[in-house]
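Novice: Given the sequences, and given the hints that come with them, work out the whole structure.
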Amino acid sequence: MMALPEKIDLETWDARHAGLRRAGLTEPWYGGPLGRHAADGDERLRALRFDNAPASLRLWNLVLTEEDRLQEHRDQGKRLVGAMKDLGAVPLLAFAAPELVCFYPDGAWWTPCIMECTDGLLNVADRLGIDDTFCPVRAMLGAFETQRHFPIPDLLTCSTGTACDDFTAIARALERLGHPILWWEIPHRRTPGPGEESVTLPTGFTAPRAQLTFVKAGLERLCAAFGELAGHPITTGGLHRSILTANRVRALAEELWRLVACATPCPLPALEMLLVDVLPVHFCSDPAETQATLQELVAEVRRRVAAGAGVLAPDAVGVYWVNPVADLRVMNLVEECGARIVGADFMFAHARAEVPVDIEPLEAVAQIALGDPMAGTAQDRARRIGREIARCRAEGLVVSRIPGASHCASEGGVIRDEIARRFPHLPVTEIEVPPVADACFPTLRTRIEAMVEIARERRNHALRRH
Amino acid sequence: MTTVLYRGPQLPLEWMAAHGLPLAPLLLHPGGGATGHAGMCPPAEALLREAGAFDGALVVLAGACDQIRRAAANVAAGSSRDTLFLFHVPATRGPAATRFYRDECLRLSRFLVRWGGTVPALDTVPAPLTDTRTPRHGPGVPIAVVGGPLLAGHEELYAAIERFGGAVAADGIEGGERTRPRFPTDAPFRDLLDAVIAARFDAIPDVFHRPNDALCDWLSECVTERGIRGLLCVSYTWCDLWRVEQRHLAAAVELPALFLELDGETCLSVRTITRIEAFLESIS
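Residue numbers (the working numbering), protein chains in the order written: chain A, 1 to 466; chain B, 1 to 284.
For the record, the hints were derived by calculation from the structure and aren't laboratory data.
Bear in mind that the values here come from a model prediction, so they are computed numbers and not experimental data.
One should not assume that every hint holds.
To spell it out: a stretch of chain A is covered by chain B in this simulated footprint if at least three of its residues, at any positions, have a beta carbon under 8 Å from a beta carbon of chain B; those stretches are [unchecked claim]:
(1) 129 to 141
(2) 175 to 186
(3) 376 to 384
(4) 395 to 408
Cβ coordinates follow ideal geometry from the N, Cα and C atoms, glycine included.
Specialist: Written out as structure tokens, the structure is:
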């Protein structure tokens, strides 16, 4: 049952799902109508608009069934590793052992949004002394306390050092609740000094060799612990295979971004692209399914591009987006305002970078960890954003602040200054998005619309000149 | 001679002093009502605000929290002179972290030498830098205080405690006894750098360490040995690390605790002082 690409609501999707099934749609075990997730408490889905491709349905189902999948892994005797903060490095080590499955409890930061706060996770965090002056990732603390949103991992790791204060403090609170943490460290990445041995990282930054050596030493400790958990040492061969799998996933996500940035009209909405960007971080606990899902999406997007079909008006303004939004509905909103997302740094851009395969695996993973744009200065990150804006020809920039996050107090200004220096007339807007942002929507809409209006005027002006 | 302004007891101060440049603690001041960045802690904000006054001096900062690291990067970006040094103090412990700290010391050495310092001889016996507050052992209800560095003028806190019948029997605020270097007297001296690393990096318990049992152990020991009856916790607005840790410390030592959150006020507010008074009254 072919349909033109469009964005549809949950009810329409469920009707379409029934039709697709009748027409012979086959789905993986976690497939089914999206409405069942809403019935289970994921209330926010009712407010969202989704892409109507079966590939997108699979993407949503993959993401929304992670809890079941983790439980199933545990039932099968696999050991669960909960990685925190590094967003893209630790899973490369854990998945080197077939007995281990790795996920990020940090992902609970979207639970209050998805469940429209009916989960009570933020209230639990409040009760534990982590109030709303902390980043919404505090929901993770509530998830550990209630033990209702993911199985408690057999081993918890957390990267510290250059991490934001919120996370470091929240993880510390978690440790005090009786969840032991294996800490490892990523130092604050700095520019190598004159004559200092340096390394160019996969994300384009350079770092002193001494910093990389330090990160690698931490990863060696993790490997030893994972080996113990798996019941056998983590081998170089296992790491190499894990990296190759990761690179296939990363390449697919990168390909999707490339297609989405270049094609007009926009072939895949921002909301689905946000989900795509999350997948390489830890493969949603299932690397094979992640790869298959992304392959299906790439095929769908290629078909749409070839047919000149898309989900947004052809004149939608291309914007670059900085930081993840706690409320997914904002990804719909930006498109309702006449924009499309052509590139993003959702704080896990390093999970899309290709892991080097021509060097020792642990060193390669260390390069990914140290290459996290958040591990260095905001100035470094801003320059990278500038390069990305040029690459994807964005016409505007949205910096989305995370309420309470320590890095958001000043980084917006730094990014704005850098972009203003490099692209003097590029409109930039800074917004703040809480987990359920309904009350802020009029303000958010006004700010984004103003930016879109300026960008469109600039575009028209340029067209008139030519 | 160029003065080196420093901030952070985790810095290898005796190693820095051995380079021959005069050292002075960097005092930051509260901005009063002039706060401009939502989410930025008052010390980070003060660093940004006062950066213009550092001209001519070198500034060495311990990068132990996100707020100060980011403020330091902003100061450095706004200056054409390469006079600010951000020293990454590892949060973890172990041989790799010690090696990393040592590398940072050597990098700092190159920085100081570039600005006129001299390379110290490693066989120099370190002269402990005693810039920490003198312990007060006056009469009164023995309490412990814990927290990060205070902004200039906020030391008024100590006077307020004494005024209302308290005595600081354990000073866990940065700059107090907690952050005094501990040069071993029994271990054989090997070299200057090793000695400083042992006295500072290895020995000073701090809020950003991961895991972090040392801070709690230090406080618990003080409480047991000194008959402490209350805990006064001081933190600045938006200081996530201290705010969380202090709750744990209070729970661990099972003492009545007062949590004071200071903002950029130029002197302690009447409300803050009254809370100190009420706290001491209630545990007397």
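Novice: Next step is simple, just say for each hint if it's right about the structure.
Specialist: Quick rundown of the hints versus the structure:
1. 129 to 141: holds (count 4)
2. 175 to 186: That given contact holds, which follows from 6 residues of the region 175 to 186 of chain A lying within Cβ reach (below 8 Å) of chain B.
3. 376 to 384: Our answer is that it holds, as 3 residues pass the Cβ test (under 8 Å) against chain B, meeting three.
4. 395 to 408: Answer holds; 5 residues pass the 8 Å Cβ test.
Of the hints listed earlier, there is not a single one the structure fails to meet.
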